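Sequences and hints are given; from them, build the entire structure.
Number of protein chains: 2
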Amino acid sequence: MIECDKKGTLFVLSGPSGVGKNTLIDQFLKRNPDVHYSISATTRRPRKHEKDGSNYYFLTEEKFKAMLERGEFLEWAEFCNNLYGTPLKPIEKMLNSGIDVVMDIEIQGAKQVKDKLKEAVLVFLIPPSLAELKSRIQNRQTETEQEINARLRQALVEMDVGRMYDYYLVHDNTENTVLELEAIRQAETQKIRRINWDKVIDSLKEGFNA
Amino acid sequence: MIECDKKGTLFVLSGPSGVGKNTLIDQFLKRNPDVHYSISATTRRPRKHEKDGSNYYFLTEEKFKAMLERGEFLEWAEFCNNLYGTPLKPIEKMLNSGIDVVMDIEIQGAKQVKDKLKEAVLVFLIPPSLAELKSRIQNRQTETEQEINARLRQALVEMDVGRMYDYYLVHDNTENTVLELEAIRQAETQKIRRINWDKVIDSLKEGFNA
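Residue numbers (numbering that gives the first Met the number 0), protein chains in the order written: chain A, 0 to 209; chain B, 0 to 209.
Honestly, the hints are just simulated from the structure, not real lab data.
Incorrect hints may appear among the rest.
Claimed, not checked - Derived list of chain B stretches under chain A, where covered just means 3 residues or more per stretch with a C-beta under 8 Å from a C-beta of chain A:
# : region
1 : 126-139
2 : 164-175
Said to hold, decoys possible - Here are the computed distance ranges between Cβ atoms for each label pair:
# : chain 1 : residue 1 : chain 2 : residue 2 : range
3 : B       : 95        : A       : 162       : 19 to 29 Å
4 : A       : 87        : B       : 2         : 37 to 47 Å
5 : A       : 198       : B       : 152       : 16 to 26 Å
Claimed, not checked - For lysine to aspartate or glutamate, the following EDC-like pairs were computed, each having C-alpha atoms within a straight-line distance of at most 20 Å:
# : chain 1 : residue 1 : chain 2 : residue 2
6 : A       : 190       : B       : 157
7 : A       : 190       : B       : 159
8 : A       : 198       : B       : 165
Predicted, not measured: the structure shown is a model, and the values here were computed from it.
The beta carbon of each residue, even a glycine, is placed where N, CA and C say it ideally should be.
The structure is reproduced here in structure tokens:
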């Protein structure tokens with residue numbers, strides 16, 4: 000058995016509103032139960048079916064700002080007048096135990112993560128087309144026509160920033176996209192710079208005198 | 000349909016003699032017929048079952064050195080008193096046509112490839128253990144005991160240089176190892192720095208006025 004001292008990898012998933020990040024992550028986690036999902040904190044109102052501690056920790060603005068002052072976030076961002084942030088300690092603990100973590104954050108937050116954790120893997124999810132994105136947002140029935148158009152303009156801005164990400168995935172067929180995300184995870188596992196190569200050599204030699 | 004102007008990726012596979020590079024590559028190519036296998040030129044004698052133009056182009060030393068002087072190699076190396084090299088032009092042509100290429104070369108050659116083609120992906124194949132590697136070389140029945148021991152000492156030296164590679168694969172079960180190599184290929188396909196992101200954005204907008 001080859002030993003390699005691999006730490007967990009942090010996968011950061013971003014993409015325009017309505018691209019289907021939740022659907023993709025749900026399917027990915029079902030097939031990869033060894034991956035931990037990092038739950039963000041936010042001050043935005045829960046959507047229909049969203050539960051505290053499941054999709055997000057829904058915090059008051061006061062509570063969020065208190066945590067921010069104590070430096071308890073890996074990243075935080077303001078988006079559409081709401082605050083979003085990721086508590087740092089639980090993530091570090093998982094990664095140090097060799098557990099992969101996946102998180103779903105906005106592009107402003109993703110930049111901060113990459114600055115603090117160089118080894119994080121940034122994945123940008125794009126829709127098959129803008130027309131398809133618009134239709135998905137419309138089906139959600141949570142935004143007005145005006146809000147939808149603002150989302151689409153925002154999507155184009157985010158798409159431009161997307162170029163700083165490591166990988167992109169086209170979210171067309173969820174089943175296929177999950178497989179592509181799994182391939183990215185597998186490949187990252189095989190990266191030599193993520194492991195202790197001396198330990199690999201030592202475990203190869205084990206019980207052998209050349 | 001998202002367009003991204005992706006060029007082909009060059010996958011360089013190395014690993015100690017006897018690790019089973021040929022077996023792995025054969026299986027990989029069978030499952031991925033769209034990948035081109037780059038055949039190296041060498042001055043070493045063909046092994047049993049090896050055919051000119053199939054495993055290698057078997058060249059005389061004179062012919063090899065003439066090509067070398069004309070700068071016709073992407074990389075070349077001397078190994079165990081034999082010369083090995085990869086003709087450059089056919090590789091460039093494939094990559095520019097968007098075709099992935101896989102090549103099997105020694106570590107000295109791999110370094111030269113990475114120097115010349117920064118975007119090449121270097122994969123290092125390791126055996127599950129040194130004892131297993133010895134047994135595989137013995138089964139080949141082409142080397143004397145003395146040559147086998149030299150191979151094993153060489154393997155340890157190469158293993159150390161392996162740390163400059165991008166990825167490693169443990170060649171235990173060929174079927175699994177092929178899947179891991181396929182995951183690496185898939186992940187590299189999704190890398191944003193390999194594509195034209197502006198073209199992606201343009202094709203997303205197609206037929207849509209935000």
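Results of checking the hints against the structure:
{"no.": "1", "hint": "126-139", "result": "holds (count 6)"}
{"no.": "2", "hint": "164-175", "result": "holds (count 6)"}
{"no.": "3", "hint": "95(B) <-> 162(A): 19 to 29 Å", "result": "holds, 22 Å"}
{"no.": "4", "hint": "87(A) <-> 2(B): 37 to 47 Å", "result": "holds, 39 Å"}
{"no.": "5", "hint": "198(A) <-> 152(B): 16 to 26 Å", "result": "holds, 21 Å"}
{"no.": "6", "hint": "190(A) <-> 157(B)", "result": "holds, 17 Å"}
{"no.": "7", "hint": "190(A) <-> 159(B)", "result": "holds, 15 Å"}
{"no.": "8", "hint": "198(A) <-> 165(B)", "result": "holds, 17 Å"}
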